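Starting from the known structure of chain A, arrange chains B and C on it as the hints suggest.
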Amino acid sequence: MGNPLRLPMALTAFKNLFSRPATRVEVRPPYPGARGQLALDLSTCVFCGVCARRCPSGAIEVSREARRVAIEHLRCVLCGVCVDACAKHSLSLEAEPLGAQLEGKDRHRVEYVKPSPTASDDGPSGKVPKAR
Amino acid sequence: MKKTIVLMGPQHPVLIEPVVLDLVLEDELVIDAIPRIGYIHRGLEAMVEKVEYADFGTVAERICGICSFMHGMGYCLAIEELMKVEVPERARFLRVVWAELSRIQSHLLWLGLGADALGFESLFMQCWRIREGVLDLFDRTTGGRLIHSVNRIGGVRRDISDEDLAGIVKTLEGIGAAFSDVARVFLEDPSIRHRLDGLGVLTTEEARTLGTVGPMARASGITDDVRVDGLSPYDRLSFSPLTETAGDCLARCKVRVREVPQSIDLVRQAVALMPKGPGPIDTKVRGFPSGEAYIRLEQPRGEVVYYVKANGTKLLDRFRARTPTFANLPAMISLVKGCQLSDVANIILTIDPCISCTER
Amino acid sequence: MDATAFLERVQALQRDGYRLLMINATAIASTEDVELTWSFEKHGHLEHWREQVPPEQEVPSVSGLYPFAYLYENEVRELFGVKVTGLNVDFKGQLYQTSTKVPFSAKAIRARLDAQKGKKP
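Residue numbers (our numbering), protein chains in the order written: chain A, 1 to 132; chain B, 1 to 360; chain C, 1 to 121.
Chain A with its partners taken away, still in its complex shape (with noise of 0.2 Å):
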């Protein structure tokens, strides 16, 4: 019983011999709007809590009133829902993955912490004080 493919496949095992290889050799680099990490604008954070609260793998933790904020990158399932619910809109899904940054101790823990507003501050809360 002869094999009614033997020439298709000897002309693809030609045609492989003499082209690229079919593994990407370097990493590309992400796609516009790929989700690779989660990253917070400080300034715009109020420290209300609630992406803490609806995060599904609890990878975030905020304090009030120490004025920060955690993300645990190894729990962190770059779902989106903590960047839906904030209402100031400080969490966003950047597209380059964290790779290699997270190795070493407890560099998968990311602290935030705003400096606190000092008495000569100019406006009610977030303000930082001009240089004098």
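Derived from the structure by calculation, the hints contain no laboratory data.
Certain hints may be false.
[Unchecked claim] Here are a few chain B residues that face chain A, going by a calculated C-beta distance under 8 Å:
{"no.": "1", "residue": "R129"}
{"no.": "2", "residue": "R140"}
{"no.": "3", "residue": "G143"}
{"no.": "4", "residue": "S290"}
Computed from a predicted model, the values in this text were never measured in an experiment.
Each residue gets a CB set at the ideal place from its N, CA and C atoms; glycine is no exception.
Below, chains B and C alone, put in the same frame as chain A:
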């Protein structure tokens, strides 16, 4: 004739899914198979106690990586039915486009694994190379290759522009052409035919009494396809369920091979019928759901049933996904009895197992 | 629970051409009961039979009529603790390997909810 017990799984060089089967052998013939599951049981259905109904879609779509899109879509459809939400037409068509792309990549994955189980590694690589084209489409349109997170209650999270949709149809034509070469090998190659022909025969009557669903039932002559009498806009697309009558492993392989060009055609139809964009892609949802809903969808592996019970608060009472592999497991166990030891892997693969879905 | 009426109804559904879709169990939080629902399907139409099952009550198996029901019934037995009798294939508690035995019993659910309340600041 000696009786031996071989414990197969959860890890095994030729087994793709972590199902544990205790095989009772007499020489090389399998006379009994006792399954055990729970290796991948993560208790996702218990997360209704913690995660609000609005965010549970993200948990539901992480039940499984291959069938991910339809899990999220099924959950959102169930909640939308409970809250009587009208999903915009463009969003419904976008869901169909992504669902059929999900079916194409799932069948390509299975074909590759099927070839790998037979030892035909170069065919496995070719199938997965074609699959990369589909995963690229997902990456560009949803931001993720396997887990998409685009389904939200009331619609979808992202839009695809009309130019991009035309580009998708063009890319799929190229994928279809590359796939037809590979499909020829599956349908005509004598070595594949020799391994799969006549193996694991399931007659129409047996398929019905064992409660099989999906391509496994269609390969035994049952013309059940949930998309046919299904939810809009599938009722506006024209297609018919593909069936075979032989009921053996080769027939199941043929059904899946033929469903790939059918899905490519469905995407083309959906893009043609879609309302011109940009348009509304979701409806704002307020309040809490209450009541019960049953949603049936056609996943790549068969019919999936979603049951949601809500009580008017932000946490649901119950979410249950009756996945197709759960329905096909009794058929797999009955087929394994009476086969040779070297065919066990082929038979397990022929139901297209997805143990993540089965165990949740 | 009226076992005879239940089995008669299931037999009538099977004669009519319905197939067993799934057997679902819901743990009701306020009581110790488990709500069991048998769902049947024919041509897109669904029929259900529902029972509120207290912890020690025995439930008859439908595997005499639908042989593949053993998978659903073993799962309901192992995860929810419902006593199903008359199974054709009985895994004797070995089907699911979980760290908590009967993870959806009222006791286990209450333990999880208490642990969650304890963790919230």
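Now the hints, each set against the structure:
1. Hint status for B:R129 relative to chain A: holds, with the closest Cβ pair at about 6 Å, below 8 Å.
2. With a least beta-carbon distance of about 5 Å to chain A, the hint placing B:R140 at the interface is held under the 8 Å criterion.
3. For B:G143, the interface hint holds, the least distance from its beta-carbon to any beta-carbon of chain A being 4 Å, beneath 8 Å.
4. For B:S290, the suggested interface contact is broken, since its CB lies about 21 Å from the closest CB of chain A, more than 8 Å.
Hint violations for this structure: number 4 only, all remaining hints satisfied.
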